[in-house]
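Participant: Respectively, the protein sequence lines represent chains D and F.
Heads up: the first sequence is residues 1 to 606, going by the working numbering.
Heads up: the second sequence is residues 1 to 356, going by the working numbering.
If you are wondering where the hints come from, they were derived from the structure by calculation, not from laboratory data.
Treat the hints with caution; some may be incorrect.
Said to hold, decoys possible - Capping the alpha-carbon separation at 16 Å, the derived lysine to aspartate or glutamate pairs in EDC-like fashion look like this:
| # | chain 1 | residue 1 | chain 2 | residue 2 |
| --- | --- | --- | --- | --- |
| 1 | F | Lys191 | D | Glu285 |
| 2 | F | Lys226 | F | Asp157 |
| 3 | F | Lys69 | D | Glu513 |
| 4 | F | Lys188 | F | Asp207 |
| 5 | F | Lys229 | F | Asp125 |
| 6 | F | Lys226 | F | Asp161 |
| 7 | D | Lys280 | F | Asp195 |
| 8 | D | Lys93 | D | Asp83 |
| 9 | F | Lys69 | D | Asp514 |
| 10 | D | Lys605 | F | Asp125 |
| 11 | D | Lys546 | F | Glu33 |
| 12 | F | Lys188 | D | Glu285 |
| 13 | F | Lys272 | F | Glu283 |
| 14 | F | Lys273 | F | Glu73 |
| 15 | F | Lys118 | D | Asp588 |
| 16 | F | Lys116 | D | Asp591 |
| 17 | F | Lys181 | F | Asp195 |
Stated by the list, open to error - Partial chain D-side listing against chain F, Cβ under 10 Å, derived:
| # | residue |
| --- | --- |
| 18 | Phe151 |
| 19 | Ile155 |
| 20 | Asn185 |
| 21 | Tyr330 |
| 22 | Ala373 |
| 23 | Gly390 |
| 24 | Ser406 |
| 25 | Ser421 |
| 26 | Pro487 |
Glycine included, each C-beta is placed from N, C-alpha and C at the ideal position.
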Amino acid sequence: MSNEAVLHGHSEVGAMHGLHDDHAGHHHKETFITKYVFSQDHKMICKQFIITGMIWAILGGLMSVIFRLQLGYPDSTFPILEDIFGRWAKGGKIQPQFYYALVTMHGTVLVFFVLTGGLSGTFANFLIPLQIGARDMASPFLNMLSYWFFFLASIVILSSLFVQTGPASGGWTVYPPLSALGDANEGSKIGMDLWISGMALFVVSSLLGGLNYISTILNMRTKGMSMTRMPLTMWALLFTAVLGVLSFPVLLSGLILLLFDRHAGTSFYLSDIFIASTHKALPNEGGSAILFQHLFWFLGHPEVYIIILPAMGLVSEVMSVNARKPIFGYMAMVGSMFAITILAFLVWAHHMFVTGLNPFLGSVFVLLTLLIAVPSAIKVFNWLTTLWKGNIRFTPAMLFAIGFVSLFISGGLTGIFLGNSTLDIPLHDTYFVIAHFHIVMGVSAFFGMFAGVYHWFPKMYGRYMNNLMGYIHFWVTLVGAYLIFWPMHYEGLAGMPRRYMDYRGWASFNQFEDLNRVISTVAMVVFAVQLMFVFNFFYSIFKGRKVTTQNPWGGTTLEWTTPIRPGHGNWPGEIPEVHRWAYDYSKDGRDFISQTEPIGSEESKH
Amino acid sequence: MSNFFVLLILLLGFLITFQIAKASEYVSVLKGEKKAFEQHNRVNGFLMMVFLVLGLIGVYWCNELLRGKILGEAASNHGKDIDRMLYITISITGVVFVATQILLFWFAFKFQYSEKRKSFYFPHDNRLEFFWTVIPAIALTILVGFGLMYWFRITGDAPKDALQIEITGKQFGWIFRYPGKDNVFGKKYYKDIDDGKSNSLGLVWDDPATHDDIVVNSEAYIVVNKPVKFIINSRDVIHDVGLPHFRMKMDAVPGTPTTMWLTPLYTTEEMKKKTNNPNFEYEIACDQMCGQGHFTMRGVLKVVTEEEFILWKAKQKTNYALAFPEKEMQASAVKDDASKAVAAVAVSKDALASSK
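Chain F extracted, bound-state conformation:
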């Protein structure tokens, strides 16, 4: 019923507008075309100025309203560079934006039709044209210069000591793999994928390097202030690892691994305090259309301290152990490792405490 009323109101509004519009034509015939034209012209000229003033105020107001909502400070080393680049670009384009919009609407207002004015016959001026070819070229050179400097820094090789994590996208979720003690990712082959047998990545068990690989779903841990290199894969269609707080992003392409590295600067706990949000998480958002569940393809990166990371990792079972639970040996070995790691952390905490 309410739909019907909305339609009715729309129709009515339209009919009224139409009648007024029709009447305005008769009025202009009565008044004389010329007089009506001059009147319309003045109104539109005035509106040009109104639009300019209200528009610029609107731009400012919109910024006041929304600038607090753009995720705050970047949380990675590259993110800092990218934000710096963003502000350099905003300051240059901002000046151009304000200046050209003012000129446009001010000219439109100032030079609106008047019987007295004659247009100035001004077909070209080489000096002026040269001037506004060179100025944009210089501005762009600056932007390209800064842009490429940061670009090569960001896309350059990851530091050698970087933590390595493999991320694999699938419809619709993320799978993470850690190389285990040997620091080598074991071989995998997509035809060996079998979700029913706990082998979601298709690890090739014949390769012993796979035996200590740890595979977890949807949530991964990384270490604060330690570079991390992601090796990115996809199991089916193209996905994209989007990390809005780190300002980073890289496609996950089936058949073609890609990489991305960064250094996280704040732990999840620190960000909870910084953002005043007890539920803060570093979310991984899929940024490449991947099917009907695209908008649910959420992952989480937990940024933790070195100790917390060691503790967490020690608690994880290897994928091999999960796939072959009957092999007791493996499982107990993991338990041993875990208790050793806990002890190690306790020791290091003591050491920290004593050094303070």
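Next comes chain D alone, as it looks inside the complex:
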């Protein structure tokens, strides 16, 4: 990997030590283990997160390709699947238990392991110290633990794919009683225990990481870096961490109660249940299955902002740099992210309009939910104005940033349908919901992540990714995403329920057979193009064009003041002092003014 990079960086740190002895020394001998495995360098931890995240993304994506095969070609058999999966795909047909396991794991993996762990883990680790001007995280050790708990969680979840009764298969929301009763569902046997254990480890990882990000941003900013001089990425990652720290424990508590119901005979979620497969009535009475949904969505809804806020931050930064313009309405951007963070905690029950929730309570949640559209609209208009009268460079990162805004608009607007309880009645749990959240938090968040990867790859590895492959990656993914998810809205309007593995028995939903085939085919093409991105990533680590200038994109922020391949400690000398905000692009006729430059006496005010 960037062996020489680290060595190079270190020699610089060492050389400068004679001059500046005021910061912690890094003379300790690094072995392979401390440098690559149990590393405490935030940049290495970032790389660990992104590579683990990519492996998960490929697995999660592959799962969707397999179940899309079933949805698109329900009449065909695929003998190759039987060769690989054995009895799960008997006769080349995907079995229902396997189908539901795939759906469940696809959701779990992508929501938690890729778009939470992979996205926040990668960019919070990489950018926080570099952009606020710190040598590392507040606690590099906890930071390392955060990655290794994430890794352990991954292993536990992965192992559930290999147990005899299969992984959890009740949907990623694991609603009890289905998830509590092994007799009601094969996947709710040991697979569910592994799911809960894996998520518990994941929550630990997320808390260790989150607390670290918050304390680093609040306490370790360099001289002159006031909160309002921070780039928007920092604000986004700060709010994300706050959301995670406050909401993940609630999920964990909900899961612990579920564990008790499963094994200790308690009745938190269980009541009045007769299991047909065993002809037995369970002793549990008085529990509430809906209680779990309240606990789950108290995390589950903030979770979607945990996924989208970092993407918003990355996009704001990339867009401003490549439009050569300050981000429009910096304070409004911070304010709207703050509003989203607060509202994120007050809207969870909009996932539960049809559970028999008190209609008055439902109406309160309608109001609060649609309120979120206001800060979201402000952000969209501010991005549009940032592009207006810019001088736009279409780097692959910038393309993904623009694609993000397009998708965020499309997916955000359908949120106005679903957040309104009247419309949620027919649309709840249909393909409309699938289309909505895949566009607004799935593909959008991926676009934000791609923008970030293409933009900061030169900082991570000292090399560029291949541009042409980047362009192909972008255009195929953007077109593909719309082709896959746009028509799904119509399936949802027809009331076509999600999580059905076969629609042929239904007079109301079998009119979409051709459409399903088209969607499946496009999904496979888009998946193949993501593999090309992964190839581009790894190839460029070793063989990409080398970065020859310190500041290849002409950015104002602090990470571009470090050496091309920074060592542990980031700046060889003293940490630079900050004199201005992060968005002085094209000010007073100058292309950009770095944050480290003092304000000149002639300079115009904004």
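Guided by the hints, dock chain F onto chain D, whose structure is given.
Facilitator: Chain F only, in chain D's frame:
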């Protein structure tokens, strides 16, 4: 074998792309980085415009192609309200969608890099920001207003004369119960459930109110233009009574009964003509993941006229009679009822005919 070929073709395609991508880097070195960048920028800027135009055409075309497939007109009173709400929302969000997407891609195209252009330093403008805080707020107020008006109408109490039907979900099917002549649902207790003894709901036989309750599986009858109130239960896990043609839906939660009411506007026969589909049925789809048979959990609601309903109901045996067939008395009483009902319907038909 064909799998192998597909993989081979994919690999080949990938290798070619990779070689071209690699070559493009060398070309840009030869041409000069700046020139290559400007060329790429122009191509991507042009594609922005192409995407916008083709995308908007695609949206229109997709609508033409699929709008006939979304189940047509709503078939219940609430469904009509919901469809109205849908079109109000589509018209507001549709305008926003088209306008913002055009601005986005047009700006990207128009303000693409040019050596001559200087970016405009424009960090903020309070007036503009105020403007686009207030406009969305007003639009949303309208949507919330309409939404809640319909919401309270839909979730409000059912009319007093509504037909009452209990629906119970189980893995993987639906059980319906009618209260019988006394119009009272007898007591039930889940521990009394015994599928072998024809007591799938666990009716408590000690309660005489259960004796005339009628229990049927997978297919239930309701009356056109007459409000019907569903009392929804589950026997095992969470299910959901999804009625796509009525645009209605409600979860079935074990231990916590829920309710939903609506007035069906067209009989099944009328819908067969309306949709030109001789096999049309009002399907009940389970809309909450309930296990491996989730996708087979189908039920049917037959919407019929009042007379047909009376006739159908009269033919049904009570659950009590099915559970205790030895009790002849009960059975013959039912037969009596049936013949009386048939006679009653005949009379009312005559009456209808004469009134015409």
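Participant: If any of the earlier hints don't hold here, list their numbers in rising order.
Facilitator: 5, 17, 18 and 19
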